[in-house]
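As they're listed, the protein sequences go chains V and P. Each residue of the first sequence is one higher than the one before, starting from 772 at the first, in the numbering used here. Each residue of the second sequence is one higher than the one before, starting from 772 at the first, in the numbering used here.
Treat the hints as calculated values from the structure; they're not laboratory data. Hints are not guaranteed to be accurate.
No distinction is drawn between identical chains; accordingly, a pair holds when it is met within one copy or between any pair of copies.
[Said to hold, decoys possible] When the alpha-carbon atoms are kept at most 25 Å apart in a straight line, the in silico SDA-like pairs for lysine to any residue are as follows: (1) K912 x L885; (2) K940 x D1014; (3) K997 x D804; (4) K805 x P1046; (5) K800 x N1039; (6) K805 x F879; (7) K1060 x T1027; (8) K1060 x S849.
There are 2 protein chains.
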Amino acid sequence: MTKENIALWFQELQDNICHELETLDGKGKFQEDKWERPGGGGGRTRLIQGDLIERGGVNFSAVHGDLPDNIAAALKISDKQFFATGVSIVLHPHSPMVPIIHMNVRFFETSSGLWWFGGGIDLTPHYVNPEDATRFHQKLKDSCDAHHVDYYPKFKTWADDYFYVRHRKETRGIGGIFFDRLGEQDGFTRASRFDFVKEIGNTFVPIYKEQVARNTDKPFTEAEKKWQYIRRGRYVEFNLVWDRGTKFGLDTDGRTESILMSMPPTANWVYNHQPEEGTAERTTLDYLKKGIDWV
Amino acid sequence: MTKENIALWFQELQDNICHELETLDGKGKFQEDKWERPGGGGGRTRLIQGDLIERGGVNFSAVHGDLPDNIAAALKISDKQFFATGVSIVLHPHSPMVPIIHMNVRFFETSSGLWWFGGGIDLTPHYVNPEDATRFHQKLKDSCDAHHVDYYPKFKTWADDYFYVRHRKETRGIGGIFFDRLGEQDGFTRASRFDFVKEIGNTFVPIYKEQVARNTDKPFTEAEKKWQYIRRGRYVEFNLVWDRGTKFGLDTDGRTESILMSMPPTANWVYNHQPEEGTAERTTLDYLKKGIDWV
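Pulled out of the complex, with its shape left as it was, chain V reads as follows (with noise of 0.2 Å):
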C-alpha cells in the first residue's frame, strides 16, 4: 500500500462524494479548481452552491515537500521530507433545520518511512435532535466497531475535546468522531489503518443523506434563520482560533481559498446573545457540552 495508491484512493473518495452530493442536492454542481504547490504536489478544489447545500466544499490535496522546521519541531519528528495527502469536506445547507456537517480523512508519511492517517467526522446541528444525533453517533459506532473496539469511546472523547469553543464554553456542535497519528502502535499494520479511514470515508455520505432525509422537508421561520447565522458565526471562531488544520495551512502558505472553504456564506454577530429558557435554541446549547453519550 503505497503513499500513491492511497492518495488515489482518496482521488475516487473524492468523485464519489461529489457525485453522491449533487445527486442528493438536485440541482447544484460542482466548480472545480485545480491548483498547484509551489513547494511540491497540488490538489483539487470542488464548490457545490445549490438548492439544499448553501455552500460545500469537497477538497483533495496532495503535497510533498521540505517540512518546514516549525512543523517538523511541532510534530516532534527530525524528518526532512514529507507527503501528505487528504479529502477534506465542510457542507453548509440552506436550512437551518439541516445540519453542518464536516469529515476529514488523510495521511500523513515521511522520508524515513514514518507514517499516520488521521480525520474525524463531526456534526454540527444549528438544532440539537437527539434521535438525529444518537443516529449519527450510532452509524459511526458502527462503522469504527467494525475495526476495533476500542476505536469509538476513544476517537468520540477524542472529538468532544477537539470540537471545543474555548472561550465560548461550548462545543462546536454534537461532536462525533476524530483521530490523529494512527499508524503501527499496538499491533496494526498499514492495511488495517486504511481500511478503517476507508470505512470513514465511505459512510460520509449515507450519514449525512440520513439527516438530511429527516430535516430537509421541515418549514423554518426568519427567526430560525437568524439563529443559523448566529451558530455558523461560532463555526468560524472555532475554525479560526482553535482549528489545528486551518491554522496549519494559513501558517504554511497553503491555498487561501481552499483552506477557508469552510467559512459560511453569511454569519452573523450579535452581542451577548442569550436565548430565553424554554425555547428550541437554549435547549439546544444546552447540548453543546463534552462528554454526552449519545449511543
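On the provided structure of chain V, position chain P as indicated by the hints.
Quick look at chain P alone, frame taken from chain V:
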C-alpha cells in the same frame, strides 16, 4: 502620574468618546455592561447600535493580578504581578461608504515598576478614497509630530506590518499608526509618553467625524453592501487569526463578549471572489498594500 491616574483618564476618555459618538450617530445610545475579572479588576463594555453605526463597541478595562507564566514568557519579563488598563474601540458603520475604524490606547505596569504604553488608530474603508486616506494620515502625522518627529514614520510602518492579513497578502485597510512598549527609552518620561497617548485618544473623534462627514451622504447599492460584507469577512479573519490582542484575550480567559465586540454584525464569504479590472472594488484591493505614503 500613578497607574490609577492613567486608568482614570482612560475612563474619562471612554465617557467623552461615547458622548460624542452618540451625538454623531444622532439616534443610537450606548448600553453598558460592567464586568469583573475573577483574578482582579474589571471593566465597562459599551455597545451602540444606531443609525450611522450599525454596531460599535467602546471598552474600558483596568485589570490586575498574577501575571500568567506564558504571558510573562511572551513579554520576556519575570515579574509576578501586573496592572493593565486601556480603551479599545471598533465601529462598524451601516454604510459601505463609511470606513470601519479601530482605536486602542493602553498602559501596562508590573510589580517591579516596569511600564509601557501602547495603542494605535487604523482605518478600514470598504472603498479606499485616496483623498480621505491622505486626510486621515495627515491628522495622525500632525498628532505624532507634536510629540516627536520620529513617531509618525515609525508607527505608520509598524501599523502596516501589524494590520496585515498574511494569508490574503493584503493589509486590513489603509493602516494608520501602531505602537507598543513605549517606555523610558531614549530620554522619554512617563509624562511625555502619556501626553502622546492622550493626544491619540483625543484625536479619535475628530478624525472619525471628518471621515463620516465626507462619506455618510453618499448613496450606495446592494452590490456595494455585498462588498462591505465580504470586506467584513476579511476583518473577521484578521481579528481571529492574526490580532495579538484578541488572541491574548481569548487565551487568558478574558470576557469573550467584550473581546469579540470587534466582530461585525454580518459578514460574508464568497469563494475566490475576484473583482473585475477597472471596478472600485479592484481599485480598493490595489490600495491594500504596505508602504503606501499617503501624506
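Results of checking the hints against the structure:
1. K912 x L885: Result: close neither inside a copy nor across copies, 28 Å intra and 56 Å inter.
2. K940 x D1014: both (15 Å within a copy, 21 Å between copies)
3. K997 x D804: between (32 Å within a copy, 24 Å between copies)
4. K805 x P1046: Answer is between: at 20 Å across copies they meet the 25 Å cutoff, but 43 Å inside does not.
5. K800 x N1039: between (27 Å within a copy, 21 Å between copies)
6. K805 x F879: within (21 Å within a copy, 49 Å between copies)
7. K1060 x T1027: between (31 Å within a copy, 18 Å between copies)
8. K1060 x S849: So K1060 and S849 fail the 25 Å test inside a copy (37 Å) and across (37 Å) alike.
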